[in-house]
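Model the placement of chain F on the given structure of chain X, informed by the hints.
From first to last, the protein sequence lines are chains X and F. Its first residue numbered 1, the first sequence is counted upward by one per residue in the working numbering. Its first residue numbered 1, the second sequence is counted upward by one per residue in the working numbering.
Not everything, but these chain F residues come out facing chain X in the computed CB check (under 10 Å):
1. T19
2. N301
3. K302
4. G331
5. I337
6. A363
These are computed hints drawn from the structure, not numbers from a lab. Cβ atoms here follow ideal geometry from the backbone N, Cα and C, with glycine treated the same way.
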Amino acid sequence: MNQKTINKNKRIDRIVKAFLLGTAILSALFIVIIIFIVAIRGLKPFFGDYDGVTINFFKFITGRRYFAPEYRIGYIIINTLYVVFLSIIVSAPIAVLTALFIAKMAPKFLGNILSTVIEVLAAIPSIIYGVFGSGYVVVLVRNLAAKFGITTAGGLSTLSTVIVLSMMILPTITMLSITAIKSVPKDMEEGSLALGASKTQTMFSISINAAKPGIFAGIILGVGRALGEATAVTMVSGGRGSGPTFSLFDTTMTLTSTILTGIKETTEGLDYDIRFSIGLVLIVVILIVNFVLNSVKKRMGKYYG
Amino acid sequence: MDKNIRKRKVKDVILQTITYTASFISVVILGAILFFVFSRGTNLLTFKIIKDDFNPVVYNLKTTEIINNNFNDPLIENAYFSKNYGIAAIDDITKDGNKTIRFIYIDKDSPLLKTENQQGELIPFKENMIFDSTIRVINEDNTTTTIFSRNGASNMINILDQSIGIDSAIIKQEGGGIRGSIITTLYLVFITLLIGLPLGIFTALYLNQIAPQNKITNILRSFIDMLTGVPSIIYGLMGAALFIPLTTKLFGDSSMQRGSLIAGSLTLVVIILPVVIKATESALDVVPRSYRDASLALGANKTQTTFKVMLPNALPGILSAALLSIGRIIGESAALIYAMGTIIGDNVSLTGRSTSLAVHIWAVMSGEVPNVALASTIAIIILVVVLSLNLLIKLITYRFTKRYK
Numbered sequence: 001m002n003q004k005t006i007n008k009n010k011r012i013d014r015i016v017k018a019f020l021l022g023t024a025i026l027s028a029l030f031i032v033i034i035i036f037i038v039a040i041r042g043l044k045p046f047f048g049d050y051d052g053v054t055i056n057f058f059k060f061i062t063g064r065r066y067f068a069p070e071y072r073i074g075y076i077i078i079n080t081l082y083v084v085f086l087s088i089i090v091s092a093p094i095a096v097l098t099a100l101f102i103a104k105m106a107p108k109f110l111g112n113i114l115s116t117v118i119e120v121l122a123a124i125p126s127i128i129y130g131v132f133g134s135g136y137v138v139v140l141v142r143n144l145a146a147k148f149g150i151t152t153a154g155g156l157s158t159l160s161t162v163i164v165l166s167m168m169i170l171p172t173i174t175m176l177s178i179t180a181i182k183s184v185p186k187d188m189e190e191g192s193l194a195l196g197a198s199k200t201q202t203m204f205s206i207s208i209n210a211a212k213p214g215i216f217a218g219i220i221l222g223v224g225r226a227l228g229e230a231t232a233v234t235m236v237s238g239g240r241g242s243g244p245t246f247s248l249f250d251t252t253m254t255l256t257s258t259i260l261t262g263i264k265e266t267t268e269g270l271d272y273d274i275r276f277s278i279g280l281v282l283i284v285v286i287l288i289v290n291f292v293l294n295s296v297k298k299r300m301g302k303y304y305g
Numbered sequence: 001m002d003k004n005i006r007k008r009k010v011k012d013v014i015l016q017t018i019t020y021t022a023s024f025i026s027v028v029i030l031g032a033i034l035f036f037v038f039s040r041g042t043n044l045l046t047f048k049i050i051k052d053d054f055n056p057v058v059y060n061l062k063t064t065e066i067i068n069n070n071f072n073d074p075l076i077e078n079a080y081f082s083k084n085y086g087i088a089a090i091d092d093i094t095k096d097g098n099k100t101i102r103f104i105y106i107d108k109d110s111p112l113l114k115t116e117n118q119q120g121e122l123i124p125f126k127e128n129m130i131f132d133s134t135i136r137v138i139n140e141d142n143t144t145t146t147i148f149s150r151n152g153a154s155n156m157i158n159i160l161d162q163s164i165g166i167d168s169a170i171i172k173q174e175g176g177g178i179r180g181s182i183i184t185t186l187y188l189v190f191i192t193l194l195i196g197l198p199l200g201i202f203t204a205l206y207l208n209q210i211a212p213q214n215k216i217t218n219i220l221r222s223f224i225d226m227l228t229g230v231p232s233i234i235y236g237l238m239g240a241a242l243f244i245p246l247t248t249k250l251f252g253d254s255s256m257q258r259g260s261l262i263a264g265s266l267t268l269v270v271i272i273l274p275v276v277i278k279a280t281e282s283a284l285d286v287v288p289r290s291y292r293d294a295s296l297a298l299g300a301n302k303t304q305t306t307f308k309v310m311l312p313n314a315l316p317g318i319l320s321a322a323l324l325s326i327g328r329i330i331g332e333s334a335a336l337i338y339a340m341g342t343i344i345g346d347n348v349s350l351t352g353r354s355t356s357l358a359v360h361i362w363a364v365m366s367g368e369v370p371n372v373a374l375a376s377t378i379a380i381i382i383l384v385v386v387l388s389l390n391l392l393i394k395l396i397t398y399r400f401t402k403r404y405k
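Same shape as in the complex, but just chain F:
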């Protein structure tokens, strides 16, 4: 007997240890994901990445003559100043980690503010523009010298100050930012909720308040339930085969055949629909039946009762339905890859193609050289938004259900 008990104890301890270890795994996974994303992504997470365009703009500039050759040095630390042109530059690195020269100061009388590109359009130098290729300058004896960016800022300024004019220069507005994708994501959230919320709420009101208990209602319900199990890639296929042709016809714009923001939004509407319906229904369930009965007994008709009593009282639940949907929209990738494409755009429009933040990650990760740093930076933004949404939902639901207890 004693032996048996000891044996049992050993067995118990072993099983307990296994259980402890197993439940620790989920903590390890979450920790690893957070650690990875934050350690790789925080470096890039600056205000600049949020406000910059993704695609770099390259300016091919024409001849510029010096007018004045004695600009005042603003004496910026680490910067090299050209008194011929009135500009200051530093050695810097781009968002992707490449060495570059960055212009950080331009005098208001600098001749570089009057530069033109090859087509004759006025392209003034701007602060924060970068130089990572070549500039050809004209010397006093009418020969030319080429400046290479790899030789650094001090070399560039030296040669510039010995020259009497610029023959040609290739200057860039640095890309790599996510401004376009942030705006696209906001558009997507707004339009999708604008269409999806009313549709979902009305459906939930019908199913919960008005529908008779019969076979047809059951069928409607089971069809809507089936939407929950549809993988997002299948939604994407639907978006590509239904909403892309539909919107192309509607707007009469054949360039929309490869996907557009509005087609993506409509696809998302279908994706969030079951979420909104479920959350609204459970919110309506929480509102006590007596409210409804009282309203009807006081002579209000069913419509008034539904819209003026039930709906306002279920509002916190509907709010959490909206928040849940926002989380889903921000995180969605596979469906949008099909309905909107993966081309990162900086000019966002309803009929144009651009990417949401999640698809932006996909686009930079599926290229020849995956950009893990930028992907992680965007991942941080998505994570923070999605997790705070979840926290908010928890809070709202907690207070909402408590109210009717």
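So that you can see chain X by itself, here it is in the shape it has in the complex:
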């Protein structure tokens, strides 16, 4: 190869490299753009002037009523965390047990079928969970409430929201738990068996404990998905103008459903911009919750490795 070809090759490489670097930078830039643009628009209600109305940030973040022109979302934050907490309480045990069954107990054939079921559940778009929720779960909850002599808003309630959310995060937690349980070293379990523990005892006290960090990672992902889930939650939560409420049969309102509710009727002004403020709060809530859960995970310690 002569020097000319080598030089030409080098030049082409340099150009292509610069081009590819450009695309990579553009891709990486989007997260910055998202945060930046939501922040700019979301901070506007606190500094801007909307026909003489400016939102007080402190009241916005702590208040207990949400209606025009006083938008206060303190109770919405609490209700969001409450709903997500309940969903995790419901779905995490089911998910871990399902993962345990698939990874340790089930015959291969059955395990494969169950894994596929979980994957299918994960692939179903949230709008379909929404249709199922508002067509079926809501009716179920309404009838259940009627048995206790409670009237609900047609079944739209905290309970419906928790049920739908639990279904949606179940596959997420299950899939990560399966990986975690499967990667527990065999010799740990064999050691337990050799010491005289039964198979079931080993699974519950050794496998699950050793897989704890992995399972917790699944729960963190599940929490993230639950916090950000919008369409399905909006379809079953019902919405409420003041709170917080902790009753299972009351209607509820989450950060995401607040952003989505009534979007049809507004395109500009305070009622539109405030949704960006709530979006900003949602981002911050997700970051804080993730940070807290991750530091808990770090403290959990390792069983092996």
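For chain F alone, coordinates are given in the frame of chain X:
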């Protein structure tokens, strides 16, 4: 000792039963969803719903005189035939389940083929048009009689055959179809992949093949990873605040301020970006390193190696990245509600507003009276597409990874 063992056995059985029950729950959930969607939606799932417009078109028609009053009856079962006008009609129900009268036959010489609307435009009767309000006819003695659709087709035909002309009539082209949303979804998939795939693949090529191991690369990587955790509603906010103004300026069309197909597409590009990058990178990882080394050793430059050796060999993985993205695009709702709006349109254009199938569901469910039947029908279509995509991805990935084992 014996007692302890028995106690342990009981405990084991209890724990096992709980585990069996718990793992059964996911099957129950999937079964319930499928059963619900299919039992509610199959009734409506016809070819008609796929090809019909969503918005009904109402025609307010003017006077029509009879020219001939002895048309031949085509003798269609269950249909009533008017020999004055040469039309046949049946009692039928609309997609929403309301009673209506449907015209199923129109003679080629029928005077109703020359009807005009109030503005004088020619609006001929068509087969499958429906009548669910009123028609006023002129009798021989110049009085008028009003036909109400609720009295059924036979009543309508009787009165029509006693009349000498139609004074006015309100006729509809039935709506409730999802043609516009299907086309919009196809547009969205096409445009989003057209922009998103190259961007994602190039980024993956850089990160996987060219990037040096340094801090900047790590930062790029972690930024892209962060995109995965962003909720779709936040993407929607970004679409509304960034892409809507951007496209409005670009096309100079102020009607795009409330969202447009292209703004929705650009939002989706950002959503699928991490998916494409991840899938492409893992596909590139599967291609053996020796291929790359061999190519470089034979004198090919880095560019040639990347594009002519690595990329073609990773193609099946990239295909599954595309399929994964299609699934994501079809299922996406929250982001599109913000970037495209929720107005169901039948005339699809890049700069116009219409809805994808998922947002169509949202639109019919969030109205005053939620239309669960139509929502379920669309849900069936989405489910079938998304699940077959997933199956296809599994197949491709299985064969792809097997090839290099």
